[in-house]
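Student: For the record, in the sequence shown the residue sitting at position 214 is 214 according to our numbering, with numbers rising by one throughout.
None of these hints come from the bench; they were simulated from the model. Among the hints, a few may not be true.
[To be verified] Computed beta-carbon distance windows for the label pairs:
| hint | residue 1 | residue 2 | range |
| --- | --- | --- | --- |
| 1 | GLY93 | TRP65 | 30 to 40 Å |
| 2 | GLU72 | ARG226 | 29 to 39 Å |
| 3 | LEU195 | ILE35 | 40 to 50 Å |
| 4 | ASP221 | VAL137 | 49 to 59 Å |
Each residue gets a CB set at the ideal place from its N, CA and C atoms; glycine is no exception.
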Amino acid sequence: MLGAVPAGTDGHVWGTDALGRDVLMLTIAGARTAIAGPVVIAVGAMAIGLVFGLLAAYTGGWVDWLISRVVELMLSLPTLLLAIVLAGLIGGGYWVNVLVFMLLYAPYEIRLVRSAALSHLHDPFLDAARLLELSPVRILARHVFPVIRPVVGAAMFLDMSNALVSLSSLSFLGLGISPQAADWGRQLSDARDQLFNNPMTAIAPGIAIIVVSVAMNIVGDWITARADRGER
Numbered sequence: 001m002l003g004a005v006p007a008g009t010d011g012h013v014w015g016t017d018a019l020g021r022d023v024l025m026l027t028i029a030g031a032r033t034a035i036a037g038p039v040v041i042a043v044g045a046m047a048i049g050l051v052f053g054l055l056a057a058y059t060g061g062w063v064d065w066l067i068s069r070v071v072e073l074m075l076s077l078p079t080l081l082l083a084i085v086l087a088g089l090i091g092g093g094y095w096v097n098v099l100v101f102m103l104l105y106a107p108y109e110i111r112l113v114r115s116a117a118l119s120h121l122h123d124p125f126l127d128a129a130r131l132l133e134l135s136p137v138r139i140l141a142r143h144v145f146p147v148i149r150p151v152v153g154a155a156m157f158l159d160m161s162n163a164l165v166s167l168s169s170l171s172f173l174g175l176g177i178s179p180q181a182a183d184w185g186r187q188l189s190d191a192r193d194q195l196f197n198n199p200m201t202a203i204a205p206g207i208a209i210i211v212v213s214v215a216m217n218i219v220g221d222w223i224t225a226r227a228d229r230g231e232r
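Take these sequences, add in the hints, and give me the full structure.
Tutor: The structure is reproduced here in structure tokens:
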């Protein structure tokens, strides 16, 4: 342990952490996992949501009932607590945590996609597509998905925001990410013993998490607002 040095010392704009690493460069390097993990979670969860949500909405009957019951069961579980338990039991690193959150976020997307698709399944243009005897896959891919695409896009950005906070929480607890890795949650965890030596060890990753999370929420809200204006 070298001990953190304050901001502006020896050419380090934001100082260094306990291992002597430049806080500014470490925070910039941490953006890679901070963005990559949430993007993979959002894309993967939405892909699962589209498949099962559209299937449930279009098929109806016992298929819809079964998918809805499984989704309700999954939604009754505390996501973050379950992720912590699974991460502790499975281990395996950061990308295992990403996979866990992807599967835990998927039920929310299934419910969202199902609800959005059901609201359009009886639109006139879909009735016309059925009269033309188009295949269900073609109807869903070419006619239903474009209509619900704004909802899907907004949900993905909100998922990325939530996933960033969730992954950072696990990293803060020391689950999944290696101690030497550049990760904002891990930086916050390591900064607990260095706050008096260099407060920037905690301020920098904390602000980074807040700024990126808020930015993702703003983009998601903007997509939603734009879609609402388009419907009017």
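Student: If a hint holds in the structure, say so; if it doesn't, say that too.
Tutor: Quick rundown of the hints versus the structure:
1. GLY93 with TRP65: 30 to 40 Å: For TRP65 against GLY93, whose Cβ atoms are near 38 Å apart, the range 30 to 40 Å holds.
2. GLU72 with ARG226: 29 to 39 Å: holds (31 Å)
3. LEU195 with ILE35: 40 to 50 Å: Violated, since LEU195 and ILE35 (Cβ atoms, about 26 Å apart) do not stay within the stated range.
4. ASP221 with VAL137: 49 to 59 Å: Since ASP221 and VAL137 have Cβ atoms about 32 Å apart, the given range 49 to 59 Å is violated.
This entry does not satisfy hints 3 and 4, going by the numbered hints stated previously.
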